[in-house]
Amino acid sequence: EAGVAQSPRYKIIEKRQSVAFWCNPISGHATLYWYQQILGQGPKLLIQFQNNGVVDDSQLPKDRFSAERLKGVDSTLKIQPAKLEDSAVYLCASSLDTGPSSGNTIYFGEGSWLTVV
Amino acid sequence: AQSVTQLGSHVSVSEGALVLLRCNYSSSVPPYLFWYVQYPNQGLQLLLKYTSAATLVKGINGFEAEFKKSETSFHLTKPSAHMSDAAEYFCAVSVPAGGFKTIFGAGTRLFVKA
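One line per chain: the protein sequences are L and Y, in this order.
Those letters in the first sequence? Residues 2 to 118, per our numbering, in order.
Those letters in the second sequence? Residues -11 to 102, per our numbering, in order.
In case anyone wonders, no lab produced these hints; they're calculated from the structure.
Some hints could be false.
For lysine-lysine, the following BS3-like pairs were computed, each having C-alpha atoms within a straight-line distance of at most 25 Å [unchecked claim]: (1) Y:Lys89 - L:Lys63; (2) L:Lys16 - L:Lys72; (3) L:Lys84 - L:Lys63; (4) Y:Lys46 - L:Lys79; (5) L:Lys72 - L:Lys84; (6) L:Lys63 - L:Lys16; (7) L:Lys63 - L:Lys79; (8) L:Lys45 - Y:Lys89; (9) Y:Lys56 - Y:Lys101; (10) Y:Lys57 - L:Lys72; (11) L:Lys16 - L:Lys84; (12) L:Lys45 - L:Lys12.
Please read all numbers here as calculations on a predicted model, not as lab measurements.
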């Protein structure tokens, strides 16, 4: 079974530029997540989709970050304009959500490393 | 609201020694609990999970964790550390909330000395 695919793996941009990350979740997974992981910290949820709809985007800085999940499959996360503090790993993840007994295991991609200079 | 606290940002053990990584949680509803491992330049990989069945959960690579409701803890252990266990470990709590809401701890980096 193919895992969560992300691209690009690495990106270096100047502040005030824009960047976009792409994610393709595991086939059949209804829920897709974007997490931000700053060096030395745990993943912080930016946005959670259930199929096409947004379940939680309470920690997404909406003045500069946007995300969409067209047709309930793959997703893009965009940052515009980027700030120095956006330097982090952006992790895409997905889960099947078959009910409480499944325990909602989240499967992660390898991450997209962003450096803003 | 739920939260996760991992005690100790860094833990160092000798090869062959016991590994103990501590995790405490808070949750207003019965939670699901997870341990993930992250190797350098990789995403997070599931080690084990607790889903209200057995309180002692066995995972991959010889790790196990015990759910203790009275102590609100879910500590991760391994009897004998191996060099390949050196990585970052994250505890996470998940509760049903319009889908599932999952919160991760800050992580504990495990160093294994030869």
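Against the structure, the hints:
| no. | hint | verdict |
| --- | --- | --- |
| 1 | Y:Lys89 - L:Lys63 | holds, 20 Å |
| 2 | L:Lys16 - L:Lys72 | violated, 32 Å |
| 3 | L:Lys84 - L:Lys63 | holds, 13 Å |
| 4 | Y:Lys46 - L:Lys79 | violated, 39 Å |
| 5 | L:Lys72 - L:Lys84 | violated, 30 Å |
| 6 | L:Lys63 - L:Lys16 | holds, 17 Å |
| 7 | L:Lys63 - L:Lys79 | holds, 10 Å |
| 8 | L:Lys45 - Y:Lys89 | holds, 12 Å |
| 9 | Y:Lys56 - Y:Lys101 | violated, 30 Å |
| 10 | Y:Lys57 - L:Lys72 | violated, 41 Å |
| 11 | L:Lys16 - L:Lys84 | holds, 5 Å |
| 12 | L:Lys45 - L:Lys12 | holds, 20 Å |
In summary, the structure is inconsistent with hints 2, 4, 5, 9 and 10 from the numbered list given earlier, while agreeing with the others.
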